[in-house]
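K.L.:
If you want the building blocks of each chain, they are given just below.
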Amino acid sequence: MSEHSAGRVPDPFTPVGAPAGALGGSELAHESGLEVKARSQWAYARIRFFRHKLAVASLVILIVAALVAVFAEQVAPYGFDEFDFEHVVSPPTTEGWHLFGTDQLGRDYLSRVIFGLRTSLWVALLVATVATVIGTVVGAVAGYYGGVVDNLLMRLVDLILVVPFLVVLLVLSQYLGHGKPLRVGIIVALLIWVGLARIVRGTFLSLREKEFVEAAKAAGAGDTRIMFRHMLPSTVGPIVVTMTLLIATAILLEAALSFLGFGVQPPTPALGKLIGEGAGEGFSSWWLVTFPGIVIVMLALAVNFIGDGLRDALDPQQRTRA
Amino acid sequence: MPDPVLSIRELTVEFHTEDGIVHAVNDVNYDLFPGETLGIVGESGSGKSVSVMTMLGLIPQPPGKVVNGEAIYGDRDLLTLPKKDLREIRGGEIAMIFQDPMTSLNPVFTIGHQISEAIETHNPGIGDKKATARTIDLLELVGVPFAERRINQYPHEFSGGMRQRAMIAMSIANEPRILIADEPTTALDVTIQAQIVEVLRSAQKETDAATILITHDLGLIAELADRVVVMYAGRVVELAGVYEIFNHPRHPYTVGLMNSLARLDADLEWLDPIPGQPPSLISPPPGCAFHPRCLHSQGRAVCRSDVPALRPFGEGGNHLSACHFAEELAAQHVVGALVEEPT
Amino acid sequence: MLTYVIRRLFYSTIVLLAASVLVFWGMSFVTSPIGFLRMQPGFSEQTIQNITERKHLDDPIYVRYGYWVKDMVTNKFGTETVSDLPIWPDLQRAMGHTLQLIVAAELLAILLAVGIGVYSALRQYSAFDYAATTFSFVGLAMPVFWLALMLQILFVNIYLWFDVRIFYVASLNSVDPGTGIHFVLDRAQHLALPIIVLAVANIATYSRFMRAAMLEVVNSDYVRTARAKGLPERRVTMSHAFRNALIPLVTLVALNFGGLLSGAVITETVFALDGMGTFFITRLNAGDPYPVMAFLMVSAVFVIVFNLIADLAYGWLDPRVRLE
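Protein chains in written order, with the numbering used here: chain H, 1 to 322; chain B, 323 to 665; chain G, 666 to 989.
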C-alpha cells in the first residue's frame with residue numbers, strides 16, 4: 001500500500017486498529033448525521049413549487065375556475081340567454097340569485113360571465129397549445145442548426161415584431177374572419193409563438209455545445225432524434241414557464257379583441273364582449289363593466305402567479321421574486 | 323517581536339439562509355505583523371475570504387452576522403467602527419485585490435477613471451490633473467505599457483493579466499498599510515500568474531505594506547508567504563512559518579494537503595488526495611470538523627466530541643495547531659513537502 | 666462610435682424596406698381592393714372599372730407595389746380608393762395627438778418605474794417592495810380597456826356626486842378650450858386619464874425589470890470593488906450600480922414600443938381621442954386597404970426609429986458595444 005510513497009518517509013497513516021468505516025464511510029457519516037436522502041428532480045421541483053403560497057392558492061383558484069367553466073350549465077343559476085324584461089339593467093342583488101345584476105335584456109349577468117369565462121379559458125388553452133407547438137419546433141430548429149437557418153428564422157421573427165402586435169391581430173381578424181373562438185384562437189396563436197421560439201432557441205443554442213449532444217451525435221443519432229429525445233427534456237422547464245405566461249397574454253388579448261369587436265362575437269359569450277356591450281350602457285350601470293373585468297384580472301393574476309411559482313420551482317437560480 | 327498591525331480575535335461569523343445557519347467563520351485568531359506576507363490557505367468554503375471581508379465591512383449584515391470577535395487595527399476595533407470611519411480606511415489604509423479582474427472592474431468606466439476615483443476618494447481636493455498623473459505612474463509601476471493611452475481604455479480592452487495589474491495599481495494607489503489579495507492569480511492563465519506574482523512583489527516593496535494573501539494555491543504560498551494560516555471549516559487549524567508548514571506540518575489536514583501535491587522531484591505513480599468531502603457548514607460534524615476525513619484520528623473518541631483548541635506546542639511557541647494529537651505528529655517526525663529553506 | 670451609428674442606420678433602412686414589402690404583400694394576400702370596391706353598395710360596373718384603371722388595381726402585384734411605394738414617398742401615401750381624398754392629412758393630425766399621448770405616457774412610466782425599481786431593490790423585502798410587486802402583478806393582469814373604462818366610470822361618478830371635474834373622460838379638448846396656457850391645461854386634463862392608463866402596464870413591467878437588474882448589479886463583483894475602494898454608498902449605488910442596471914432597461918423600453926402603440930389603439934377608442942388608433946379602427950372597419958397600409962407603415966417607421974434611438978442610447982451607455 002505504501003509503494004507509491006517511495007521517495008518519502010514511510011506513510012504513517014496506515015490505519016491501525018481503526019474501525020472499518022474510519023475513512024469517512026457510511027457508519028461514520030451516519031453517526032455525524034451527514035446522511036442525505038436522494039430525491040428525484042421533479043420531486044424537488046414540486047417541493048419548491050408548493051413553498052409558494054400564492055402560486056398554490058392561484059392553482060386552486062384556477063382549478064375552481066376550470067371546473068366552473070366545464071360545468072357551466074350546471075353551475076350558472078340561469079341560462080346564458082334567458083331574457084327577463086321585468087328586470088332590465090338592475091344592479092347586483094341577492095334576490096333571485098342575480099349576484100352580478102342583469103343586463104340590457106334582463107339576462108342574469110352572473111350566468112353570462114360564467115359562460116364568458118368558459119370561452120376565455122378555452123381560447124387561451126387553444127392558443128397556448130398551438131403557439132407552444134409552433135414556437136418549440138421553430139425555436140428548436142433555429143437553435144439546433146444555428147448559422148443560416150437560425151439567422152433567417154430570427155430575421156423573420158424580427159420582421160413580424162416590427163408592426164405592433166395588436167394591430168396585426170386586428171388586421172388579420174378583419175380579413176381572415178373572426179367570431180368563432182376557434183378562428184380567434186388560431187389567429188392569435190399565429191403571432192404569439194414568437195416569444196416562445198426565442199426562448200427555446202436560446203436554450204437549444206447553449207445546449208448544442210454540451211457534451212451529451214456530441215455523444216449522441218457520435219453514437220449516430222439523427223438530428224430529429226437528438227433534438228426531441230435528448231435536448232427537449234432539458235428545455236421543458238423554460239417552455240412550461242413561458243407557456244403559462246403565454247396563457248395570461250392570450251386571455252388579455254382575446255378580451256381586447258372581443259371588446260373591440262374583432263374577436264369572439266355573439267351568440268358565443270365572451271368576457272371582452274360583455275364589457276364592450278356594458279360600456280355602451282352608460283356610466284351608472286357599473287356592474288356590467290366591473291364584474292367581467294374582475295374575472296379577467298383574477299384569471300390573469302392566477303396564471304401569472306403560477307408561472308412565477310413554476311419558474312422558481314423549475315429553475316431556482318433565476319430568482320427574481322420578492 | 324514588533325506589535326502586530328492587525329489582530330483578529332475570536333472572530334465568529336454566521337450567515338442566516340433559507341437552509342439554515344451557515345457557520346462560516348468560527349473563533350478565528352491570527353495576527354498580521356508589519357512588512358510580512360501572511361498566507362491564508364484553505365479550500366473553498368473554509369472561511370478564508372469571509373473573515374477578511376467581514377473585517378472590512380464588505381459582508382452584508384443580513385444575511386451575515388458577526389456573532390463575536392474583534393479586528394484590532396492600531397487602537398481601533400474595525401468591527402465596531404462607525405461606517406464612515408471604516409469607509410475611510412477601506413481602499414486607503416487597507417486595500418483589497420479581488421480574484422476575477424474581468425468581473426471586478428466596472429465595464430462602463432475607463433480604467434483611468436476607476437483608478438483615479440480611488441485616489442480622489444481618499445485624497446479629497448487633489449484635483450483631476452494630479453490624480454491622473456498619479457494613475458499613470460501607478461500603471462507604469464505595475465508594468466502596463468503605454469499607460470497614458472491606456473487610461474482611456476475600458477476593461478474589456480485589457481487582457482486578463484493587464485486587468486489584474488490595473489487592479490493591483492488601484493489597490494496600492496493610496497499607499498496602504500495592509501494589502502489583502504484574495505485569490506489574485508486564480509482566474510489567470512498559468513503563464514500570466516508568474517508575472518502577477520512579480521507585480522505583487524514589487525507592489526509590496528513599493529508600499530512596504532503588510533500583505534494578507536488568500537489562496538488555495540500552495541505554490542503561491544511557497545513563493546510569497548512568510549507565515550501561513552491554514553483554515554478548515556471556518557476554523558484556523560494550523561499557524562506557522564512557511565517552511566515549518568511545508569516541511570513539518572502538524573495538523574492532519576495540512577499533512578494531507580502537502581501529501582496531495584503533485585511533485586516534479588519525486589517519482590509518484592498516484593496522486594494522493596484527502597479522502598472524503600468538505601463538511602457542511604450548516605451542520606458540521608461534532609468535535610473536530612476534520613475527523614471524518616482524518617487518517618490520524620483512528621476513530622478516537624476525543625476527536626469526535628471535543629473541538630480542538632488552537633494551541634502552541636513544542637519549543638518556541640511559534641507553531642500552533644488545532645489537533646488533539648499534534649504532539650504525536652511531531653513525535654512521528656511527519657514530514658510534508660520538503661521545501662528547501664534558503665540559507 | 667460613428668461606424669456604429671452608420672451601421673445601425675443602414676440596417677434600419679433595410680428593415681424598413683423589408684417591412685414595406687411584408688405589409689404590402691401581406692395585405693394583398695388577405696384582401697383585395699377590387700373586392701373591396703365590389704362590396705360597396707350602389708357602385709356600377711363602370712365606376713368600378715374607372716377606379717380600377719385609375720388606381721392600377723388590376724396590375725400585377727409588384728407593379729402595384731411600385732405605385733404604392735411611389736405614392737408613399739412622393740405623394741404622402743396617396744389617396745383613398747373610393748373617395749380619392751388624400752390619406753395623409755387625417756393621418757398626420759392623428760399622429761400628432763397620438764405622439765403627445767405616447768411620449769407623455771412613456772416618460773411617466775420610465776420615471777416612476779426607475780424610481781420604484783431602484784428603491785425596491787435597495788430595500789428588498791421591505792413593505793414598499795412587497796407593495797410595488799403586488800402593484801406590478803395586478804397592473805400586468807388588468808386589461809387596458811377595462812382599466813380605462815373603470816377610471817371613466819369613477820371620474821364620471823365623481824363629477825355626478827361632487828360636481829367637480831378632475832379629469833375628463835373623453836375627447837382631446839373641450840368645446841372651447843381657449844388658447845395658450847388654457848389650451849394646454851385643458852388638453853392635459855383630457856389626456857391625464859389616457860396617459861395614466863397607458864403608463865400603468867409599462868410601469869409594472871419596467872419596475873420589475875429595473876428591480877431585477879438593480880439587484881443583479883448590486884451583487885456584482887465590480888460593485889464589491891467599488892465598496893472595497895471606500896466609495897460612499899450613494900456613489901456606489903448611483904454611479905456604479907445604477908448606470909449598469911440602466912443598460913438592459915433601454916433595450917426593454919425599445920422592444921416595448923410596439924406594445925405602446927397597441928395600447929394606444931385601445932385607449933384612444935375608449936376615450937374617444939382623435940389619434941392614430943381611432944384612425945386605424947375606423948379605416949379598418951371601412952375596408953379600404955390603402956389607409957390601413959399607410960397606418961401600418963407609419964407604425965413600422967415609429968418602431969424602427971424608436972429601436973434605432975434605443976440602439977444608439979445602448980451604444981452610448983455600454984462601451985463594450987461601441988467598439989465592435
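If you are wondering where the hints come from, they were derived from the structure by calculation, not from laboratory data. A virtual CB, placed ideally from N, CA and C, is assigned to each residue, including glycine. Treat the hints with care, since some could be wrong.
Stated by the list, open to error - Examples of chain B residues toward chain G, derived with CB under 7 Å:
1) 402
2) 412
3) 413
4) 418
K.L.:
So, against the hints stated earlier in the document, which numbers end up violated here?
P.N.:
Of the numbered hints given earlier, the structure breaks just one, which is hint 1.
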